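The chain contents come next:
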Amino acid sequence: MALAVGCRARPGRSRDNRTGSWRVFKPIFDQKKCSKCGTCRTICPEGCINEIEEGVFIPDYSYCKGCGLCAVECPKEAISMTQEEK
Amino acid sequence: MMEMIEGSHAVAEAVRNCRPQVVSAYPITPQTHIVEALADMVANCKLDAEYITVENELSALSACVGASAAGSRAYSATTSQGLALMFEVCFNAAGMRLPIVMSIANRAMGAPLSIWNDQQDSMSLRDAGWLQFYAEDNQEATDLHYLAFRIAEDPKIQLPAFVCFDGFILSHTYEPVDMISQEDADKFLPKFAPAERLDAADPISFGMYATPDYYLEFRYEMDAALKKAKEVIGKAGSEFGSLFGRDYGEMVEGYRLEDAETAIVAVGSLCGTVKDAIDEMRAGGKKVGLLKIRVFRPFPSEDLAKALAHISRVAVLDKNISLGAKGAVALEVKDALYGSGITVRDFVLGLGGRDVRKRDILEIVNQTEKRQGDLFYGLRTELI
Numbered sequence: 147m148a149l150a151v152g153c154r155a156r157p158g159r160s161r162d163n164r165t166g167s168w169r170v171f172k173p174i175f176d177q178k179k180c181s182k183c184g185t186c187r188t189i190c191p192e193g194c195i196n197e198i199e200e201g202v203f204i205p206d207y208s209y210c211k212g213c214g215l216c217a218v219e220c221p222k223e224a225i226s227m228t229q230e231e232k
Numbered sequence: 034m035m036e037m038i039e040g041s042h043a044v045a046e047a048v049r050n051c052r053p054q055v056v057s058a059y060p061i062t063p064q065t066h067i068v069e070a071l072a073d074m075v076a077n078c079k080l081d082a083e084y085i086t087v088e089n090e091l092s093a094l095s096a097c098v099g100a101s102a103a104g105s106r107a108y109s110a111t112t113s114q115g116l117a118l119m120f121e122v123c124f125n126a127a128g129m130r131l132p133i134v135m136s137i138a139n140r141a142m143g144a145p146l147s148i149w150n151d152q153q154d155s156m157s158l159r160d161a162g163w164l165q166f167y168a169e170d171n172q173e174a175t176d177l178h179y180l181a182f183r184i185a186e187d188p189k190i191q192l193p194a195f196v197c198f199d200g201f202i203l204s205h206t207y208e209p210v211d212m213i214s215q216e217d218a219d220k221f222l223p224k225f226a227p228a229e230r231l232d233a234a235d236p237i238s239f240g241m242y243a244t245p246d247y248y249l250e251f252r253y254e255m256d257a258a259l260k261k262a263k264e265v266i267g268k269a270g271s272e273f274g275s276l277f278g279r280d281y282g283e284m285v286e287g288y289r290l291e292d293a294e295t296a297i298v299a300v301g302s303l304c305g306t307v308k309d310a311i312d313e314m315r316a317g318g319k320k321v322g323l324l325k326i327r328v329f330r331p332f333p334s335e336d337l338a339k340a341l342a343h344i345s346r347v348a349v350l351d352k353n354i355s356l357g358a359k360g361a362v363a364l365e366v367k368d369a370l371y372g373s374g375i376t377v378r379d380f381v382l383g384l385g386g387r388d389v390r391k392r393d394i395l396e397i398v399n400q401t402e403k404r405q406g407d408l409f410y411g412l413r414t415e416l417i
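Those protein sequences? They're chains Z and H, same order as listed. Residue numbers for the first sequence follow the numbering used here, beginning at 147 and rising by one. Residue numbers for the second sequence follow the numbering used here, beginning at 34 and rising by one.
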């Protein structure tokens with residue numbers, strides 16, 4: 147992405163700006179424990195957890211900042227936070 | 034046409050000729066007469082601009098940021114505490130690359146409260162990314178506004194600019210000023226035509242979030258634009274000279290410097306006093322010259338080093354102090370002359386409106402020749 151003079155941006159920048167690089171802890175989803183309730187998708191402040199097929203919830207790691215809310219709220223403790231290795 | 038006019042009113046006339054579309058300011062001594070005059074012009078249909086009255090300086094410059102982003106030529110004026118209140122907006126205006134022009138009628142910073150002149154206010158904003166012009170007299174104070182708009186709005190630059198002139202010493206003084214007509218001004222300053230502006234039909238945001246992956250590069254681009262401004266100032270300043278007979282192509286200006294052994298470096302209205310003192314010293318056989326700095330941002334390091342290459346001793350006059358270090362000008366002059374072997378002494382003087390007289394300049398040259406003088410000049414030792 148080339149720099150725009152004055153850091154000016156057209157709509158759609160939140161898509162261009164890949165906030166996943168901020169992440170320190172990465173949520174790992176254990177699909178075997180998942181009850182398919184969808185709480186993780188509802189709670190995600192970044193709106194980056196997608197139901198990629200019926201009952202399968204996966205975060206888009208390009209945008210997931212690793213806040214860990216999904217892991218805290220998951221009633222089945224199916225999401226674990228693991229340290230990023232960079 | 035020559036006119037006998039108060040500095041602030043001459044500036045207001047020049048600003049009107051620059052055809053600002055939005056003026057927003059808050060009155061503060063000694064800047065008030067400028068915006069008072071502009072308000073009068075708008076009220077009497079002599080200036081077709083939106084005059085936005087606001088509750089303080091933070092709002093004044095914020096209104097200009099909005100206006101400039103929306104594609105208007107925007108102008109404000111302030112000084113001292115007012116400029117300090119604008120601190121945050123100053124950095125934002127520069128970062129968003131908005132070519133706002135703002136007059137600074139230089140005044141000391143409180144506390145203690147002082148309405149009188151020094152240059153602490155604008156010098157303290159030297160890192161904000163604004164171009165900084167300093168006027169020696171009211172002719173320059175007037176002319177530099179045309180130049181400031183022209184350079185600030187240049188597509189290669191797109192940065193805001195201060196036009197600084199000493200409060201009271203210039204702002205409230207009547208001097209003969211060659212006033213440029215509207216017709217002539219229009220030849221030098223074209224209509225503001227930004228490449229991008231706020232437009233509901235084609236939405237755009239200014240000054241967006243930059244993550245650590247991008248921020249450093251934005252600062253690099255601003256620094257590069259300021260450095261590029263040296264070339265743009267040269268070209269526009271010379272063009273101003275060919276149109277009106279006063280050439281501002283050089284960022285520094287020498288006075289009797291060619292064969293000088295001691296040079297004084299000064300900024301603003303002090304230069305007039307220094308020139309008189311130099312004439313007197315020259316008559317007595319002393320080889321003294323002046324190097325006036327007209328543009329402080331971008332700092333003309335190369336021009337300064339070249340102009341002073343043959344000098345043995347330099348005395349820098351600073352109407353400001355970076356407390357705990359030195360005067361801002363001396364720090365930059367020393368940097369520009371690093372490794373040259375030229376002795377540089379810093380004299381912090383004239384703070385809070387204390388007069389700097391011809392005899393002070395003679396004394397400073399004496400001290401410099403004897404390698405004396407230590408930062409503060411003219412301290413009343415009985416008080417400390």
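One or more hints might be untrue.
Unchecked claim - So these bits of chain H aren't anywhere near chain Z, every CB distance computed over 12 angstroms:
1. Ala72
2. Glu208
3. Ala226
4. Asp235
5. Ser238
What the hints assert, rightly or not - Covered by chain Z, according to a simulated footprint, are these stretches of chain H (three or more residues, beta-carbon under 8 angstroms):
6. 123-135
7. 240-246
If you're looking for bench data, these hints aren't it; they were derived computationally from the structure. These figures come from a predicted structure and were not determined experimentally. The C-beta atom is built at its ideal place from N, Cα and C for all residues, glycine as well.
**OP:** Examine each Cβ of chain Z, and state whether all of them lie more than 12 angstroms from the Cβ of aspartate 235/H.
**Re:** violated, 8 angstroms
Original post:
Residue count check for the region 123-135 of chain H against chain Z: does it reach three with CB-CB under 8 angstroms?
Top reply: That given contact holds, which follows from 4 residues of the region 123-135 of chain H lying within Cβ reach (below 8 angstroms) of chain Z.
Subject >> chain Z versus alanine 226/H - minimum CB to CB distance exceeding 12 angstroms, so not interface >> reply: holds, 15 angstroms
Original post:
Would the least Cβ to Cβ distance between glutamate 208/H and chain Z come out above 12 angstroms?
Top reply: holds, 38 angstroms
Original post:
Does alanine 72/H sit more than 12 angstroms from chain Z, CB to CB?
Top reply: holds, 30 angstroms
Subject >> 12 angstroms Cβ clearance of serine 238/H from chain Z >> reply: violated, 5 angstroms
Original post:
Do three or more residues of the region 240-246 of chain H come closer than 8 angstroms to chain Z, measuring C-beta to C-beta?
Top reply: Satisfied; 6 residues make the cut.
The structure shown violates the earlier hints numbered 4 and 5.
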